[in-house]
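S.K.: What follows is the residue order along each chain.
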Amino acid sequence: MENKDLNSPGYEIPDDIKGSVSITSIDRIYNWGRRSSIWPLMFGLACCAIEMICTAASRYDFSRFGMEVMRPSPRQADMMLVSGTVTKKMAPTIVRLYNQMPEPKYVVAMGACASGGGPFKEGYSVVSGVDKLIPVDVYIPGCPPTPQALINGLIKLQELIDTQSIKKVRWYQKGELAAVPIPILGPDLIYQRDIPAISDAKKEA
Amino acid sequence: MVTPAQAPTLDLVTRFPEGVVADEREGYEGYLVAADKLVEVATALRDEFGFDYLSSVSGVDYIAEEMLEVVYHAYKTIGGPGLVFKVQVARKKAEVPSLMDVYPGVDFQEREAWDLMGINFLGHPDLRRILLWEGFEGHPLRKDWKEAYYEADVKPFKSRWPEGNFFRSEEKATYQANVQYPDKFDPEKWVPEGEDALYGALAKYEDVDNTGLKTDHITINLGPQHPSTHGVFRIATILDGETIVSLKPVMGYLHRNHEKIGERNTYLQNMPFTDRLDYLSSMSNNFGYALAVEKLMNIEVPERAEYIRVIMAEMTRVQNHLFAIGMFLNDIGAFFTPSLYAIEERELVLDIFEIVSGSRMMCNYFRFGGLARDLPAGSLEMIKGLAFERLPRRVDEMDRFLSDNEILRSRCVGQGVLSAEDAIKYAAAGPMLRASGVPYDIRRADPYSIYDRFDFDVAVRYNGDIYDRYIIRMDEIRQSLRIIQQAVEQIPEGPIQTGKPQYQVRVPAGEAYGRVEGPKGELGFYVVSDGKPNPYRYHVRAPSFINLTAFGPMCTGLKIADVVAVLGSIDIVLGETDR
Ligand code: SF4
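These protein sequence lines map, in sequence, to chains A and B.
At position 137 of the first sequence (counting the first as 1) the number is 137 in the numbering used here, and the numbers step up by one without a gap.
At position 174 of the second sequence (counting the first as 1) the number is 174 in the numbering used here, and the numbers step up by one without a gap.
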């Protein structure tokens, strides 16, 4: 966001205090602060993670967008960058990590695998896209997405943050936010929402 | 070309008149060994014939013959061609004696064959699933096992062709997802298997206590989400204070059914999938797979293409080792600054990959009998600039700044030692083997492509500790640059493809094992063809996976903080470890 967008009061500010007074809305300043310091979870899944590391390194350098503070602990992270293939064996861990992240939190699906299973979609051990498990805010196509594409995706996320209003965001509503149920590793991956259907199928058989 | 895997002086049939016969199927080689003789024959191979290095174990499901076959590839660490021997058992009673006592390097490979093929290795001390989880239903690489999204046995799928009636697999599958459950499965009554097997295996260690103090041992898990595990790798360990008494790697968190997909694809369709094995070194992976299939097809590669292949493979080694060094220093605490320097140089190599192949990482550049396209104008000059000017200086600079660092040395010298005998025993490969003092490099020991034309030294170090595994990568970068320098000077003009480029290659029936010295070690592709457009069996000998066999023994007795240093010095890539 440009500085002038942040500070466009619609009121006349007297000339002598123009340099030291800003008038803006809560939403703008709140979103400006959040969008300029998105801390990603340090978490690489597969090939896409290498491009994520390259994007963090000096040539592409996503610290230009305030994102260089990669957090190894989900408790300190704002954004989960799902950089690679989500396998069934990894699925419970990913959901658990997501649940451990404090609100506000965002999920970016980087690459074909995280977005929809990618080249491995048909396989027995792969979840076809991380959105089967947790809600996704931005999808970035590519296999792997180039650093430019990744940065474009991250800018899209910043634009999404700009549109949010403090009155409507889910983490300021009344009541507890429900955790995402963790899938179970059984004879195959079991999504908890499917358990009644699986039991019914058994009874019919 | 790959040399034939048959030693001329060896006569295994005379030595073992009972229980060993030559494999006489058309296109096959090696020996068939009776299951009850296997351990005896393997012991003789190791002790009498000098095949001290068992590199690869592959299972094959010959469903029409109602039999499973286990294929072993053995080599001599003094060099020379290898030896193939096989065991055949009935599908219904798939039991093969384990070779753990003869070649402990088969540990993970036998577990993999059990997990994916359902071959029971009798006498294996810890036969658990390795890539999937305990409790998974079935053995997915068996030919009669079908996944939830199953469409047809082989590609291209008729349902999508030629009209291209594409549908989303989810629409057809029950539960709208890639899952399926056995008939009698009732999730409400079912008790999860959990990880008792893992912790049970972990707890089998000798409790030596020489302090006289009785202390509790604690179990610690590291990963699968941990910044120092290079991806989704998990380590389960038991500690006595800070000292490791038992350690087991847990993998499979990135198991992407590479081999099942590989058997469904056509030969050429597999090429881009090999990119995604060791995703740092896609060119080398292409190389290994192309060699295996070319060996089956029995075709030659034009001169110019051979040179370009070598240049690209060595560039891959350079950038892989740069990355490995950077990430290793990350692990021991020099957080990100050395990596930034390493990645800066790596980017320049990636630029070349992008120019020649169109992609930075997933190059998909090799074709059977040649390459996808010739070098574009100007790229050779870029390569020359890197190989003669920039990279040698930068590597020296990194070496000067990093290698004598006090902290680096005190954390690495003399720690995590792997002796030469152990390295061979555990089938360690690549820099890990050579840092332990075994000068085994396939480019010299069993030359493929045109490596016999270049003047270079096999990098070798003798202490086998973490420091040597770090410094040997610097040595190897320098040797690779030497090879590139010679290759760019000698490269001839000419075609880059034998015959016309084809989407559908004709591959005669038979088997082939193509192996290259990848940046991480011996990367082998075992391909079985039945003459159809798709490989019948496609198995990858993944160096990152097999190098981990020695990881547990190497860490025992070390402090917990050294585990990440040891792991970093092995240099694994999870895409290849878990496939
Ligand atoms: S999208 Fe491509 S590059 Fe990314 S994880 Fe999947 S296979 Fe690897």
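No wet-lab data here; the hints were simulated from the structure.
Please read these numbers as outputs of a predicted model, since none were measured by experiment.
Hints may be right or wrong, so weigh each one.
[Unchecked claim] Short derived list, chain B residues pointing at chain A, Cβ under 10 Å:
no., residue
1, Glu-134
2, Asp-144
3, Asn-165
4, Phe-167
5, Asn-178
6, Asp-186
7, Pro-224
8, His-226
9, His-258
10, Phe-323
11, Met-327
12, Pro-376
13, Leu-380
Cβ atoms here follow ideal geometry from the backbone N, Cα and C, with glycine treated the same way.
S.K.: Hints first: check each against the structure and report whether it holds.
M.R.: Hints and how they fare:
no.	hint	in the structure
1	Glu-134	holds, 9 Å
2	Asp-144	violated, 14 Å
3	Asn-165	violated, 16 Å
4	Phe-167	violated, 13 Å
5	Asn-178	holds, 5 Å
6	Asp-186	holds, 5 Å
7	Pro-224	holds, 6 Å
8	His-226	holds, 7 Å
9	His-258	holds, 8 Å
10	Phe-323	holds, 8 Å
11	Met-327	holds, 8 Å
12	Pro-376	violated, 19 Å
13	Leu-380	violated, 23 Å
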